[in-house]
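Engineer: Fit chain B to the supplied structure of chain A, relying on the hints for placement.
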Amino acid sequence: MTGAGAVPKTGLPAVEVHDLTVAYRSNPVLWDVDLKVPEGRLVAIVGPNGAGKSTLLKTILGQVRQTTGWVQVYGEPYATRRSWVGYVPQRESVDWDFPTLAQDVVTMGLYGRIGWLRRPGRRHREIALSCLERLGIGHLAGRQISQLSGGQQQRVFLARALAQDARLYLMDEPLAGVDATTEKAITVVVVHHDLQTVPEYFDHVVLLNMRLVAAGAVEEVFTAENLQQTYGGRSSILTRAAEALFASKATLKE
Amino acid sequence: MSDTFVILLVGCMVASSCALVGTFLVLRKMALLGDAISHSVLPGIAIGFLLSQSRSSLVMVVGAGALGVLTVFLVERLQRSGRLYADASIGVVFPALFAVGVILISRYASMIDLDLDCVLYGEIAYTPWDLVVVAGTTVGPRAVWVTGLTLLLNLVVIGLFFKELKLVSFDPGLCEALGFRPVRLHYLLMALVSVTVVAAFESVGAILVVAMLVVPPCVAYLLVDRLVLMLATAVASGCIAVFAGYGLARVLDGSIAGGMAVAAGGLFILAFLLSPRYGLIASWIRRRRAVGRYPAQ
Chain A
1 MTGAGAVPKT GLPAVEVHDL TVAYRSNPVL WDVDLKVPEG RLVAIVGPNG AGKSTLLKTI
61 LGQVRQTTGW VQVYGEPYAT RRSWVGYVPQ RESVDWDFPT LAQDVVTMGL YGRIGWLRRP
121 GRRHREIALS CLERLGIGHL AGRQISQLSG GQQQRVFLAR ALAQDARLYL MDEPLAGVDA
181 TTEKAITVVV VHHDLQTVPE YFDHVVLLNM RLVAAGAVEE VFTAENLQQT YGGRSSILTR
241 AAEALFASKA TLKE
Chain B
1 MSDTFVILLV GCMVASSCAL VGTFLVLRKM ALLGDAISHS VLPGIAIGFL LSQSRSSLVM
61 VVGAGALGVL TVFLVERLQR SGRLYADASI GVVFPALFAV GVILISRYAS MIDLDLDCVL
121 YGEIAYTPWD LVVVAGTTVG PRAVWVTGLT LLLNLVVIGL FFKELKLVSF DPGLCEALGF
181 RPVRLHYLLM ALVSVTVVAA FESVGAILVV AMLVVPPCVA YLLVDRLVLM LATAVASGCI
241 AVFAGYGLAR VLDGSIAGGM AVAAGGLFIL AFLLSPRYGL IASWIRRRRA VGRYPAQ
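Just so you know, the sequences run in chain order A and B. Numbering follows this note's numbering, in which position 65 of the first sequence is assigned residue number 65; successive positions increment by one, without gaps. Numbering follows this note's numbering, in which position 158 of the second sequence is assigned residue number 158; successive positions increment by one, without gaps.
Pulled out of the complex, with its shape left as it was, chain A reads as follows (with noise of 0.2 Å):
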């Protein structure tokens, strides 16, 4: 919501992971993962399904107990750091039939700065609509959100992360939009399923199959020899059928 390069640059990498290893029940999800990602880049993390990407995502926002190691954001513990983080959760995360209104929703993203038992107020308001009209949806605003296409609430989800006005902003699987974020000193990770368009949106890549892979320049580290480790070397054709089959499991278990 700043103007460009009004954050000054802090020096600090914005995320730090440091011998990280996260494991639901007893089966590994990620594997002593060492990863920087420097400040003011477009990140994004690409690797297969069940590669622990959204795992990644939500150990750095607390919102996952580590088994070991540690994460910083900006040399500092998450906790000391929130409000200097956005976070675009994947659009299934919650209910779409929610009795709210889509400017309700991005005035969420001020609750942290609003704080405890204090009620949004007309400026807050203001700063919601302004977000949704940067996305390019103010008209919007008043509609409930079930009434929205699902490109629509991946917008509202944008502009909700940035009403959080933060440096670091932490999406998962976004599909549009991330563009209206971006700004010099604002550092971006996005968890990217679309190999084909990296270099073109992105400058750095992190490349995750459980362990870490690759992580850097996507010139340098975005190569065909990476993807293949981290892919497994399977043909595209088998990945594909192979995720089709995960997903349709994932979705019978439910």
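These are calculated hints, taken from the structure and not from any lab test. All figures in this text were calculated on a predicted structure; none of them were measured in a lab. Hints are not guaranteed to be accurate.
[As the list claims (entries may be wrong)] Restricting the straight-line Cα-Cα distance to at most 20 Å, the calculated cross-link-like pairs of lysine to any residue (SDA-like) are:
no. : chain 1 : residue 1 : chain 2 : residue 2
1   : B       : K163      : A       : F98
2   : B       : K29       : A       : D97
3   : A       : K9        : A       : L168
4   : B       : K163      : A       : L101
5   : B       : K163      : A       : R118
6   : B       : K163      : B       : A191
7   : B       : K29       : A       : E92
8   : A       : K36       : A       : P77
9   : B       : K163      : A       : I114
10  : B       : K163      : A       : D95
11  : A       : K9        : A       : T80
12  : B       : K163      : A       : R123
13  : B       : K163      : A       : I127
14  : B       : K163      : A       : P38
15  : A       : K36       : A       : Y78
16  : B       : K163      : A       : G121
17  : B       : K163      : B       : L152
18  : A       : K9        : A       : P77
19  : B       : K163      : A       : R113
20  : B       : K163      : A       : R122
21  : B       : K29       : A       : P77
22  : B       : K163      : A       : D97
23  : A       : K9        : A       : S83
24  : A       : K36       : A       : D19
25  : B       : K163      : A       : R119
26  : B       : K29       : A       : D95
27  : B       : K163      : B       : G140
28  : B       : K29       : A       : I114
29  : B       : K163      : A       : R82
30  : B       : K163      : A       : H124
31  : B       : K163      : A       : L117
32  : A       : K9        : A       : P38
33  : B       : K29       : A       : S93
34  : B       : K29       : A       : W96
35  : B       : K29       : B       : V224
Structural biologist: Just chain B now, with coordinates in the frame of chain A:
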């Protein structure tokens, strides 16, 4: 105060309290947890009664509140073990606790006026005669005080924490990320549900309180699109059910609490059929119009 007035007043205050907490239960897909709490507070009520030897004591409310929170804790524990589904964990916990309460009452309290039927079904018709006497002066029926204070408590807590409860109900992930403590908010809400249920149990009973917790918020959910309006509509439909149910009971010469629950069910059917956006008839008309606009080839 006339008897009818007291009955309707108590009914409306119970319905309003239940509608307020029930709205959050329904939105968080925990309607059955309200059901569970309404049953598993029974041993707390019995123990509180046995300790204090009176039905009006604070000990009873505290005991019931503690059992309510214990229920939630046990359900969460079972669920988090990852070995049971949420609904199964609820089904395991509350009948066990409820049964303990049934045994306690039938063994130790059946001779006195803590009657099992009264706990299960309530008897709102008797509320006008159970008066509170302070320093020699009668200050009104006890149920009016109990349900009135409960309603006040609900209004204050939900008024203070409205923003936080809304956030945790819609997006617990963001709630956690912003530092708003979803677990504490969860227990706050559940403690509120427990207290509300205890206050309601002697007027509408442990079973019918579920109708007041779940049905009016569901009516509201079908009718409006904003949380504030949903709370208001739930309270309003709860109170309408109280009046209609009282009339029904008068006509049929039946249980008042039963009449109120039936009336709530009737309101739900009306909303389900007639809701302008989500109702059966509205969507039927929309379909007909769509067919008219794009006729089959």
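Engineer: Does each hint fit the structure? Answer for all of them.
Structural biologist: Here's how the hints hold up against the structure:
1. B/K163 <-> A/F98: holds (14 Å)
2. B/K29 <-> A/D97: holds (12 Å)
3. A/K9 <-> A/L168: holds (12 Å)
4. B/K163 <-> A/L101: holds (14 Å)
5. B/K163 <-> A/R118: Answer holds: B/K163 to A/R118 is near 8 Å, not above 20 Å.
6. B/K163 <-> B/A191: holds (18 Å)
7. B/K29 <-> A/E92: holds (16 Å)
8. A/K36 <-> A/P77: holds (14 Å)
9. B/K163 <-> A/I114: holds (10 Å)
10. B/K163 <-> A/D95: Within the cut-off at roughly 17 Å; holds.
11. A/K9 <-> A/T80: holds (18 Å)
12. B/K163 <-> A/R123: holds (16 Å)
13. B/K163 <-> A/I127: Distance of about 17 Å is within 20 Å: holds.
14. B/K163 <-> A/P38: Violated, at roughly 35 Å.
15. A/K36 <-> A/Y78: Holds, at about 15 Å.
16. B/K163 <-> A/G121: Distance of about 12 Å is within 20 Å: holds.
17. B/K163 <-> B/L152: holds (18 Å)
18. A/K9 <-> A/P77: holds (18 Å)
19. B/K163 <-> A/R113: OK: B/K163 and A/R113 at ~13 Å, within 20 Å.
20. B/K163 <-> A/R122: Between B/K163 and A/R122 the Cα gap is close to 15 Å, so the pair holds against 20 Å.
21. B/K29 <-> A/P77: Cα-Cα ~33 Å, so violated.
22. B/K163 <-> A/D97: holds (18 Å)
23. A/K9 <-> A/S83: holds (16 Å)
24. A/K36 <-> A/D19: Distance of about 12 Å is within 20 Å: holds.
25. B/K163 <-> A/R119: Cα-Cα ~7 Å, so holds.
26. B/K29 <-> A/D95: holds (10 Å)
27. B/K163 <-> B/G140: Between B/K163 and B/G140 the Cα gap is close to 36 Å, so the pair fails against 20 Å, i.e. violated.
28. B/K29 <-> A/I114: Violated - the C-alpha atoms of A/I114 and B/K29 are around 27 Å apart, more than 20 Å.
29. B/K163 <-> A/R82: holds (18 Å)
30. B/K163 <-> A/H124: holds (13 Å)
31. B/K163 <-> A/L117: holds (7 Å)
32. A/K9 <-> A/P38: Holds, because 11 Å separates the two Cα atoms, which is no more than 20 Å.
33. B/K29 <-> A/S93: The given pair, whose Cα atoms are some 14 Å apart, holds under the 20 Å limit.
34. B/K29 <-> A/W96: Roughly 13 Å separates the two Cα atoms, so the pair holds.
35. B/K29 <-> B/V224: holds (18 Å)
Violation of the numbered hints given earlier is confined to hints 14, 21, 27, 28; the remaining hints are satisfied by the structure.
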